Each structure stands twice: as C-alpha cells, then as structure tokens.
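> Chain residues, written in single-letter form:
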Amino acid sequence: MNTKLLSTFQWITLILLRMIIGWHFLYEGLAKLLKGNWSAYGFLMESKWIFADLFRWMATQPTVLQIINVVNIWGLILIGLGLMLGIFTRLAAVGGILIIALYYVCNPPLVGLFYSIPAEGNYIFINKNVVEMAALLVLLAIPTQRVAGLDLLLAKLLQQSSRKKN
Amino acid sequence: MSEEKGNADSKKRIDRRDFLQGLAGIPVLGAFALAALKQESYRRTRKAQLASAAVPQGDAAEVNVALLGVGAQGDVLLNSMLKIPGLRFKAVCDVWTEYNLRRAANLLKKYGHEVNTYEDYREMLDKEKGLDAVVIATPDFWHAEHTVACLQAGLHVYCEKEMSNTLEGARRMVQAARDTGKLLQIGHQRRSNPRYIFTHDVLLRELNILGRVVTAGGQWNRSAAPDLGWPKKYEMPVDRLKKYGFDSMHQFCNWRWYKNLGGGPIVDLGSHQIDIFSWFLGANPKSVMASGGTDYYDKATHEWYDTVMAIYEYDTPRGTVRAHYKTQTTNGSLGYFEQFMGDQGTLVLSESSQIGALYREKTQAGPWDEWVRKGYLTEPKILESKAEDLTQGALDVRETISPDEHKIALQFFDPYHKPHLENYFNAVRGLEKLNCPAEIGYESAVAVLKVNEAVEAKQTLYFKPEEFLAQGAA
Ligand SMILES: NC(=O)c1ccc[n+]([C@@H]2O[C@H](COP(=O)([O-])OP(=O)(O)OC[C@H]3O[C@@H](n4cnc5c(N)ncnc54)[C@H](O)[C@@H]3O)[C@@H](O)[C@H]2O)c1
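Listed in order, the protein sequences are those of chains A and B.
Each residue of the first sequence is one higher than the one before, starting from 809 at the first, in this note's numbering.
Each residue of the second sequence is one higher than the one before, starting from 64 at the first, in this note's numbering.
Think of the hints as simulated: they come from the structure by calculation, not from any bench.
Please note: incorrect hints may appear among the correct ones.
Cut-off 16 Å, straight-line C-alpha distance, at most; resulting in silico cross-link-like pairs (EDC-like, lysine to aspartate or glutamate) [claimed, not checked]:
(1) Lys470(B) <-> Glu424(B)
(2) Lys840(A) <-> Glu103(B)
(3) Lys527(B) <-> Glu376(B)
(4) Lys437(B) <-> Glu103(B)
(5) Lys306(B) <-> Asp183(B)
(6) Lys437(B) <-> Glu269(B)
(7) Lys936(A) <-> Glu836(A)
(8) Lys843(A) <-> Glu103(B)
(9) Lys444(B) <-> Glu928(A)
Since this is a predicted model, take the numbers as computed values, not measurements.
Please put together the full structure from these sequences, using the hints given.
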C-alpha cells in the first residue's frame, strides 16, 4: 500500500474517523446485549413509509423478532470491533452501511412523516444515520486498515506464506 | 490493488513498525472497555438499589385465615392473597350467601382450600377455633363491630379503609387493638406500595428532591356510571337485608352513597389520597374547607355528594402547605393521582403505574443529573414548549418553559394490594411492623370524615391536634 497517497495528517484523521464509528457501533451493540431484555420491537412498530407493513409484521412474529434482535446486537458488536481494530474492515464497512440503511428505511425523516419518539435534532432527508453511512463509504473507498489495523498484518502474513510456497 | 504488490515486494517481512500500526486499534479498545465497564457497574448498582427497595419476602410460617365480607373488594384481596405463600384459608363469612359467599368458597376450593362458610360472623367466631387472622372487607358501617369482635376473639385484623364511617367507631377499633394487643392493619394499601415507599423514603426524605413543598393536590375522577345492579335470581330475602342494616337490594349494592352506611366518593376514594397528603407532608391538617353536592345523580339514591372539592391547610415542619383535593364521579378524565409542588420540583404520583413523574424546576440547580446517574430517576424527557411551535420560533421570553419530565425509576407490577397484605401477614408472623396500624388509620379517618362536615357547615373547620389521638375511646 502506498501510504504516500495521503499526508500523515490526512491518514490520521481518517483512521480517527474509523475508530470513532467503530466505538459507536460497538457500544450500541454491547449496551443492548448487557441490558438483557432489549428488543427492536418498539423501533419496528414505529416504522413509517412504504416498508412500514413489513417492519411491523416482523415485530409481531416472535421468531423473526428474536432473530432480528440477535443479528442486530451481534452485527453491531462485530462491525464495531472490525472498524476499531481494522480487521475485515471492508466487510465491516459494508455491513455497517447495510444495517444503517435498514434503520433509515424503517424510519426515514421524509417530508410529512412524524414520529412519536422525539428525535434529538431536526432532520429532513438527511439525518445522522445518513452522515454515518457516508462516512463509512469514505472508509470503504480509502483503505485505512492497510495503514493502521490488523488487516495490515493479515495481508503481510498472507503474502509471506504465499511467497514461501513459491 | 496494484500498488499493494509493489509495496509487498519492497518490504518483505513484518517489521516493528508494521506491528505497531497493525495494533493501533488495541489502545482505543482498551479505553472503550474501561468506559463500558464503568457504565455497566453503574447500571448494576442502580438496578440492585431499586430491587432492594421492594418489600422483602417473609418466612412462610403458615397463617390460618378467615375472610369476612367477600364482595368486590374482598374478591380483589382474595386474589392477591392467593399469590402470597403460607396462608391457609379456613372460613369465609358473607351475608350474601347465594352469591358472593358461594363465589369465594368456590374460588378457594379451586386452589385447594376447603373452607367453612358462614352468614353470621358471630357464628364463625364461635365455631372456628385455631384462626390466626381475619381480613375484613364489609361495608364501612360494619367495620367497627366486625373488627372489635374479631380482635376480642383473639384474631389479628386487616380491615379495609375507610376504618369506620364514624369517628366513634374508629376510636373503638383503636382501643380494642390496644386492649387485646392484637394487630390491626387498615387497608390504605399505598402505605406498602414500593413506589410510594421509595418516593417517600428516598426521594422526599433522603434527597429532599422537591425542596420546600408549598402546595399539594390530588383528584380521583370517574366516569358517570349507572347504579350497581345484581342478578335477580340471587336476590336476598328482605328480612335478611333488614337484619344486616339494608332497606333493599339496591341499597345493599350501593351502600356507599347512603348517609349511615358509607361516606360517599370523598371518603371512598379520597381517603386513600388524603392519607398520602399526611404521610408525605409529615403532618396532619390544621383546617379544611369544602364544597360539594349531589349535582348529577338522583338525590334519593345518592345521599352523599357525587362531586366534592376540598382545601386543606397543613402546618408542616417546614412551613405551611395548602392542598386541594377533588373527586368527581361524572367524568373520568386524567384519572387519579397525587401531586406535590416544591420550590425545586414537582411530583406527580399515582397507584396507577403509568403515572409517576418528577419535574425539575428550571430555575433551581439541585443535583438532579447526579440522581439520574445513581438511578433514582430516569433520564429526562424534554417537553417542548408549545409557545415555540405556535409563534414559529419567536419564543416569548415571558412564557415559562415547561420543565423536563423524569420518571420514578422504581417500577412495580404486582397487584396493588399484595404488598400491604404481605406486610400484614409478615407482621402476624412477627417479621415486620405494620405499615398502616390503627393509629394511622384513625388519623386518616379524622382528616377525611371532616370534609363531609365542612361541606354541610359551609365554612372552614379547624382540627385540634388532640383530635388525631384516638383518646377517650369507649
Ligand atoms: N383499598 C381499596 O382499594 C378498596 C377498594 C374498594 C373497596 N374498599 C373497601 O372494601 C370494603 C368493601 O367494599 P366493596 O366494594 O367490596 O363492597 P361490596 O358491597 O361489593 O362488598 C361488601 C360485601 O360485604 C358483605 N356484607 C355486608 N354486610 C355484611 C355483614 N354484616 N357480615 C358479613 N358480610 C357482609 C356483602 O354481602 C358483600 O359481599 C369497603 O369498606 C370499601 O371501602 C377498599
């Protein structure tokens, strides 16, 4: 990886961005896990817009809901760890974008939609979910994990072992 | 990526620099772990704190119980008691043998309790030996006679509120409890409700969360409702009705509204909440004025007032408090709750578990954030100012911004009466002190019964401090 593409300062800012997003995901997942009885039920039931029926249906099916809860919690935790440690980083970034996209389409801040759970800010089309998705897109495009992250070591190990075989 | 190949060729092995860069995430993860652990330990302490505030379970030494009066409330109490371990039901007494008595006995049978049934409580006290405790839920005008007789027969007594419809009767009850040394618990069940105890002991006394309380309020609103009816085929014969003090089946079912039998809604409902005023304010009232009347229902069958508003004045250890109370039986909006307002905040509390909030006064800087962190209160819900919406951002500075709403963190999901009954039976077993002994029930009756007098007198009535002592008992 040619680290000269960007200046050291530029790299540091991007790596910082990755750590921060990783931290956010990891704690969102961990807090839900530790709570023990967390469920996506309320969030899904609040769903507005064209997928509302689908999300509400999911909320009312106990097995489906159970799966959503487990996948969401562990998804958040693994994505968080991936971003923070820089391991399987691209996968984590893609996963992060998908999971947030789901939150977004479940409850999007579109013109004319109002929610009973008050948001802590004011949004139209763009909310913090979108900002986080865009940030993950940047991290997908620029492989900071090759500068700081376990993926750097992983890549080298793979190269070494493949060289030995030759 | 094409440049990766070049890079890999130029740097053949993993060096120290790669290693450090590779592990860059580890210190961040470490910091994360510290923060998460700390937060988790706060969360646990907070949970444990709330759990320990609940009423402890007693040892289940068996108590032999009789029921006296198993109407609507007797049924509620019985259903709660069936959830309490260590009770053996022996006997049930109710004059409505065709209906209520049968229903209670059948229910008990379903749970494996073979009980003897009685119409006359004297016969029950005569024949049943080996009873430890009785739970009385007959109409108010019977409480004094039933309680005194049971205490004298050597039983501990749980008697429903209102302690009695007359102070003379209530005094005899206090005296009988003192003379016999038996326990007498009055059914003001909020006195044992974990949310009320937590609010009183921790929020009000320990944290002084409201600061100097200046006013209190309360209401119990109920929707308009037809008089209670009865299944015609289970009608009681007239001579039995007369024997037990009722003119008719209608009066028997609707005794609350009649002057010599009950006290009307202000006594029926208000007694619970006016009792909370005294408890939370730490004082009995100094005076009361009231307005009331039968404004909606038929006066012939509703001798007591369907609508009452009362204003009390209290001399508390921290100064004067004025409290208003309303009971309305023609509109159920906003239900029932009590409210206390101090210079630091407002408390709104109700037996109904949805209501239980604190509002911090914006102008005061008590350590509310700290209390939230310790788990006494939930995080605030910001109540947006209406003015802002209406004037499109041009907020009128004279408009008071509505305070943040905190919920009382302690939740309570058991049947409302269960903790009070548990407290009673644990006291019978010698494990706890009664939460509402005769003396407290008496003080509450003095405060409540005076409202009806004040309505009639159309003037402020004053309490003498010695009125609250059940002295001069017959
Ligand atoms: N703590 C509470 O939340 C609460 C709620 C409701 C009622 N109460 C109290 O409970 C008591 C009963 O109220 P209720 O609503 O159940 O009334 P109710 O009329 O439904 O029941 C009264 C029962 O007592 C029986 N009874 C009447 N006279 C009797 C006598 N001399 N001997 C034996 N049985 C007799 C009746 O047959 C009836 O079954 C009242 O004192 C009331 O104030 C308390």
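> Failing hints, ascending?
none
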